[in-house]
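Peer 1: Take 1472 as the starting number for the sequence shown in my numbering and just add one per residue.
Simulated from the structure, these hints should not be mistaken for laboratory data. For glycine and all other residues, C-beta sits at the position ideal for the given N, C-alpha and C. Hints are supplied without guarantee of correctness; some may be wrong.
As the list claims (entries may be wrong) - In silico BS3-like pairs for lysine-lysine, Cα to Cα no more than 27 Å straight-line: (1) 1743 / 1620; (2) 1743 / 1627; (3) 1764 / 1743; (4) 1744 / 1707; (5) 1627 / 1749; (6) 1722 / 1620; (7) 1722 / 1744; (8) 1764 / 1752; (9) 1627 / 1722; (10) 1732 / 1744; (11) 1707 / 1732; (12) 1752 / 1627.
Claimed, not checked - Label-pair distances were calculated between CB atoms; the ranges are: (13) 1698 / 1596: 31 to 39 Å; (14) 1622 / 1711: 33 to 41 Å; (15) 1596 / 1703: 35 to 43 Å; (16) 1699 / 1625: 37 to 45 Å.
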Amino acid sequence: MATPPYVYAPVYYPPNPYLDPYYHQHHSPFIPPVNLQGLQPLSPPARTVHFDDGDPPVRPRVVSWHAGMPSPPGGAVPFYYTSPQPQPVPLYTHGRRHSFGNAPVMSPPWPYPPQPYPHQSILHPLLDGEHRTPPIFFDMSVTMFTPLKLTGRGSKTSITSEELEQPALWPPTTRMRIVCDNVRQWPVELQYQGNSMLLQVPGMESRPITLGNVLQAIHTNMQTQITHMDWARLSKSDDVDVARAYTRRCKAFPSLEEHEKRQGVRRVDYLKKHYMFKGLKSSGHSDGFDNFKLLIGPPDS
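Let the sequences and hints guide you as you build the complete structure.
Peer 2: Given below as structure tokens:
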């Protein structure tokens, strides 16, 4: 279609890998106008046959992208390597002209291998802490291991055994390190070494870490009793807050209050009011481990 002031805008078809090869297409509904400003026009060839009852013959132009028009854009095809801007060429030349004018021939993109993508793992949806709402309801202060799946409008349901057996990460991994900023001295490390005790569950070498492994390892870590040395390292203000968290946890279940008091302070008490699991967030890869940050918060957040 012509647009004012009567300049034809060529229709460009995006490169298509099904055309062989796509960058040598010979079909275009419009021909770009030739811009010869600043160049002296050449005289027509001397040996031209004329007929008395008709117009002089016109040499058909080759359909191409040339004469000042830019080369087809490369954004539609990955790893598309652009070539220098084509230069204007005269209308009448002796010999055959390449369809791309004086521009060098573009090389196809597929001889160049694609650049590898950076290492990026995808967490299981029930572990992903990037969402606005927590992926699961998981109270780490409760002695019983009872993570629940949120189904909307505050309703909860148990996580199935099939879901617990799903890989925690994709691509699957056999080594994970989880660190909580509030208790960095107690990282959660998961790696399979036969029947590894790091996971507190029987395992097999090279078996991928599952959703259940991660949740169980976090719960086991937080339910571990602290030592006298751990308590001695607390500041005066922190030991008061930890003691309050310990008392609150013991009174949460009256039937188990005396039992919990005899067990003493646990690591989860160091989290104070932020004992709810809010998901994991990737923090890079080092020492052969996929590293993650444990996100926590109060129960009403």
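Peer 1: Going straight from one Cα to the other, do residue 1722 and residue 1620 come out at no more than 27 Å?
Peer 2: Satisfied, since the Cα-Cα distance of roughly 25 Å is no more than 27 Å.
Peer 1: Cβ-Cβ distance between residue 1698 and residue 1596: within 31 to 39 Å?
Peer 2: 37 Å, holds
Peer 1: Does the structure keep residue 1752 and residue 1627 at a Cα separation of 27 Å or less?
Peer 2: Roughly 23 Å between the alpha carbons, so the hint for residue 1752 and residue 1627 holds.
Peer 1: Taking only the CA atoms, is the gap from residue 1744 to residue 1707 under or equal to 27 Å?
Peer 2: 18 Å, holds
Peer 1: Does residue 1743 lie within 27 Å of residue 1764 when you go C-alpha to C-alpha?
Peer 2: 18 Å, holds
Peer 1: Checking one constraint from the list: CA of residue 1743 to CA of residue 1620, max 27 Å. Satisfied?
Peer 2: 24 Å, holds
Peer 1: Does the structure keep residue 1627 and residue 1749 at a Cα separation of 27 Å or less?
Peer 2: 15 Å, holds
Peer 1: Regarding the pair residue 1764 and residue 1752, is the alpha-carbon distance no greater than 27 Å?
Peer 2: Holds - the C-alpha atoms of residue 1752 and residue 1764 are around 5 Å apart, at most 27 Å.
Peer 1: Can the suggested window of 35 to 43 Å be confirmed for the beta-carbon pair residue 1596 and residue 1703?
Peer 2: Roughly 41 Å apart at Cβ, these two residues keep to the hinted range, so it holds.
Peer 1: Cβ-Cβ distance between residue 1622 and residue 1711: within 33 to 41 Å?
Peer 2: 39 Å, holds
Peer 1: Residue 1722 and residue 1744: Cα distance at most 27 Å?
Peer 2: 14 Å, holds
Peer 1: Within 37 to 45 Å or not, the Cβ separation of residue 1699 and residue 1625?
Peer 2: 41 Å, holds
Violated hints for the displayed structure: none, as all numbered hints are satisfied.
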